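**Student:** Generate coordinates for the entire structure from the input sequences, incorporating the hints supplied.
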Amino acid sequence: MIDSLNHLPRPSADNATLAERFSDLAPPLNARQAALESARCLYCYDAPCVNACPSEIDIPAFIRNIHHDNVQGAAETILSANILGGSCARVCPTEVLCQQACVRNHHQECAPVLIGLLQRYALDHADFDTHPFQRAPVTGKRVAVVGAGPAGLSCAHRLAWHGHDVVIFEARPKAGGLNEYGIATYKLVDDFAQRELAFVLQIGGIEIRHGQVLGDNLSLSDLRQQFDAVFLALGLNASRQLGLVNEAAPGVLAATDYIRELRQAEDLSQLPLADRCIVLGAGNTAIDMAVQMARLGAREVNLVYRRGYPDMGATTHEQDIAKANQVRLLTWAQPEEVLLDAQGRVRGMRFARTHLHEGHLQPTGEFFELAADAIFKAIGQTFDEHALSDASGQLLARDGDRIRVDEQMRTSLPGVYAGGDCTQLGQDLTVQAVQHGKLAAQAIHAQLMTNVEAA
Amino acid sequence: MADLSIEFAGIKAPNPFWLASAPPTDKAYNVVRAFEAGWGGVVWKTLGEDPAAVNVSSRYSAHYGANREVIGINNIELITDRSLEINLREITQVKKDWPDRALIVSLMVPCVEASWKAILPLVEATGADGIELNFGCPHGMPERGMGAAVGQVPEYVEQVTRWCKTHSKLPVIVKLTPNITDIRQSARAAYRGGADAVSLINTINSITSVDLERMVALPIVGNQSTHGGYCGSAVKPIALNMVAEIARDPATHGLPISGIGGIGSWRDAAEFIALGCGSVQVCTAAMLHGFRIVEAMKDGLSRWMDSQGYQTLRDFSGRAVGHTTDWKYLDINYQVIARIDQQACIGCGRCHIACEDTSHQAIVSQKQADGTHRYEVIDAECVGCNLCQITCPVQDCIEMVAQDNGKPFLDWQHDPRNPYHVVP
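Chains as they are written, first to last, in the numbering used here: chain F, 1 to 455; chain W, 1 to 424.
Simulated from the structure, these hints should not be mistaken for laboratory data.
Do not rely on the hints blindly, as some may be mistaken.
As the list claims (entries may be wrong) - Looking from chain W toward chain F, a few residues come up when the C-beta cut is under 10 Å (computed):
(1) HIS63
(2) ARG192
(3) GLY194
(4) ALA344
(5) ILE346
(6) GLY349
(7) ARG350
(8) CYS351
(9) ALA354
(10) ALA369
(11) THR372
(12) HIS373
(13) PRO393
(14) VAL394
(15) CYS397
Unchecked claim - Ranges between beta-carbon positions, derived for each pair:
(16) HIS317(F) / VAL383(W): 42 to 48 Å
(17) ASP331(W) / PHE133(F): 57 to 63 Å
(18) ALA31(F) / GLY194(W): 54 to 60 Å
(19) GLN194(F) / ASP370(W): 48 to 54 Å
(20) GLN100(F) / ASP100(W): 56 to 62 Å
The structure displayed is predicted, hence computed values, not measured ones.
We put the beta carbon where it would ideally sit given N, CA and C, even for glycine.
**Tutor:** The structure is reproduced here in structure tokens:
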């Protein structure tokens, strides 16, 4: 996958040193810290933090439980709304969700309650030898879920909880989706995605089949025939292209491809390292890419964005992480040309400076060059059209490249639901995907049970 | 700077902050440290007849707030467990070394005249400034017919006080127990017996918590526990009320009061003094933070007095007593309405849910376009109960605004809605 970087050197540090650099970015709270922090929660009514949480976790209730020494109760409160509460606690941009809404973030107050860390504390310290939720009697209904990412797992769990049998079709060798392949290593340490997966599957009634690629060895038409309902949680599997010549040259790579490799690497010291690199983009993936490259030992990491800081998809918290890792953030510059050396490999990039002219982004006519051994593209993901190439797939109504759904996550095809990044609804966040999966499961359950009653 | 010195029941002290009879005043070492830190006086931990009392282990337990701050302490410690002779010797030396500080000796001996007659001259010989009669200890000692067992029977209070006045020239301060129904009965008894002053409150019968693993209350002694005496900031409201009850009782008019109960700051002290106290006694706050707290208490009190134009404690002592009355004399026509400062409001919704669920449905929650809420008082529904202001986490965000409703002063005695109202 990252063959195009094979000509690059390897990090000088050994694996143990590198692993240290990829340990927990935000270390967990200890018991005393959790007690102090939970005491800061004002137990708001109709709480702004809950309204800001896409998965509608009853935050004041779980924090009060932590404070009252009922960690198990806190954990179950979280999980009943969000079965992937553990990964959400780690990867959610809380600074623009619950913690932004926290009333203690008001200008008259000091700082928001550390909701994400408290959520992690509750889930880390609860005892789940047995699964907290009991499956309803088996209904005999079977649902196909395509994609074992956060949306798919959330949907499958909720369906299994209701007594339905679920088969998840997953293309990759491991389940977990972006939690396994796409999130920066230091945000989900200690194989957390797989541990959380095992917990989710504890409920029973969920089978995962790997190597199943929709549009390849799997078709939507077949799934519709074989199952009582289908949930599509396909994600966005294609990386946006720059549309420049030389884009396929050695040294140019999609950031997601590199991150996937990094996440699966047994030995970090064997990864190709660009001593000087350019990351294109301004979202959290761009930040993750830049920071990880810096931590592997790159001397110069430039993150280049065609607009200004306020337009960046990455939160200020993420931008701060980048700056703290000596990543240089360059704004108002767009890629103009991939520069190659005599061997046809990347040696740098030429940029056109940009500005806003009457509300439109335009080149100023000035140019500059940055030397680099690698260029990582993190300019967004798009839907992989191949997945919906069969007859049924072609019928699905779309919003742009995404699958159109209503508020119950129903697509235009009866019995077919969709959620997560492959739909347009809400934000492209793990927590949003979990909520989609949950809502879809509720809708599927209602539909299946209505049919039972009618029959 | 304001003059903090006092003369209380004939006892002089450079400031009104005394350490109450308790572990901090158990021996010379502690008392000297307290005087070095600046305390105006101490009440030496209660002396009794030999053989000295024997204490158990453990002895204290606490009631905690949300951040593990101590709201109150419960103790099952008895009076001094050192011999009378050692205590008297130390008292003599300390008083000699610190002549300007008030040194009062707390006493508890059996309810027999001979016992009191025997100990009083010994105490007088130390040079101590006065005695305080411990009629309040609620644990252990009452089982032996002392402490609260005396304080709970007004006749005993009067009798023992009289014995002390008969057999000693020292000023007698009677320390009252709050474990009764009407504190005025005890104060009146002390007054009849000739007491020079009363001090209150002693500790309140309490169990702070239960160890749910071992199924035993705290503090644990072996596999058992017993009730103790509760003190600390939690008891301040109870103490203030009892002080006020005595201060405004015509039967004990002019009887000096030494205020005790949850005093930890200059403001607490000022409140006790405003309700009629001439000195204040501190224990729990010192036990939690050390003797150094007196510095801030003196500094704060004196700065506040300066800001108010009070030169001595007499200038404001008892100022709040006249405004403390019976319910039936309150103005039924007075009306306040809550007003929320929308700039200060952080949107927690606590005022709304408190009023909605448990009071008068007078605060409406309005969802805003950006998902936040705005909380507005419905003036017509607000009865002015203060609950919203109490639950609001932001100080001064909710103000209770007095309404000019044009109605005259009217108390329940004269209110026509009262079937027994006084017809003019």
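**Student:** Now tell me, hint by hint, if it's right for this structure.
**Tutor:** Results for each hint:
The criterion of a C-beta within 10 Å of any C-beta in chain F is not met by HIS63(W), whose closest approach is roughly 15 Å, and the hint is violated. Contact between ARG192(W) and chain F, as hinted, is not supported at the beta carbon level, the nearest pair being about 50 Å apart and thus beyond 10 Å. For GLY194(W), the shortest C-beta to C-beta distance to chain F is roughly 51 Å, which exceeds 10 Å, and the interface hint is violated. The interface hint given for ALA344(W) is met, as the beta carbon of that residue sits about 6 Å from the closest beta carbon of chain F, less than 10 Å.
The closest approach between the C-beta of ILE346(W) and any C-beta of chain F is roughly 4 Å, which is under the 10 Å cut-off, so the hint is satisfied. Taking 10 Å as the C-beta cut-off, the interface hint given for GLY349(W) holds, the closest approach to chain F being about 4 Å. Annotation: ARG350(W) was flagged as interfacial toward chain F, and the flag holds, the nearest CB pair being 6 Å apart, inside 10 Å. A cut of 10 Å between beta carbons decides the hint on CYS351(W): the least distance to chain F is about 9 Å, and the hint holds.
Because the beta carbon of ALA354(W) sits about 8 Å from the nearest beta carbon in chain F, less than 10 Å, this interface hint is met. Residue-level restraint check for ALA369(W) is violated (minimum Cβ-Cβ distance to chain F is 13 Å; threshold 10 Å). With a least beta-carbon distance of about 6 Å to chain F, the hint placing THR372(W) at the interface is held under the 10 Å criterion. Taking 10 Å as the C-beta cut-off, the interface hint given for HIS373(W) holds, the closest approach to chain F being about 6 Å.
The closest approach between the C-beta of PRO393(W) and any C-beta of chain F is roughly 5 Å, which is under the 10 Å cut-off, so the hint is satisfied. About 6 Å separates the beta-carbon of VAL394(W) from the nearest beta-carbon of chain F, less than 10 Å, and the hint is met. Taking 10 Å as the C-beta cut-off, the interface hint given for CYS397(W) holds, the closest approach to chain F being about 8 Å. The supplied range of 42 to 48 Å is met by HIS317(F) and VAL383(W), whose beta-carbon atoms lie about 46 Å from each other.
Range check, ASP331(W) to PHE133(F): Cβ separation about 59 Å, and the 57 to 63 Å hint holds. Between ALA31(F) and GLY194(W) the Cβ separation comes to about 57 Å, which falls inside the hinted range of 54 to 60 Å. A hinted range of 48 to 54 Å is violated for the C-beta pair GLN194(F) and ASP370(W), which are about 39 Å apart. Under the hint 56 to 62 Å, the C-beta atoms of GLN100(F) and ASP100(W), about 59 Å apart, fit the expected range.
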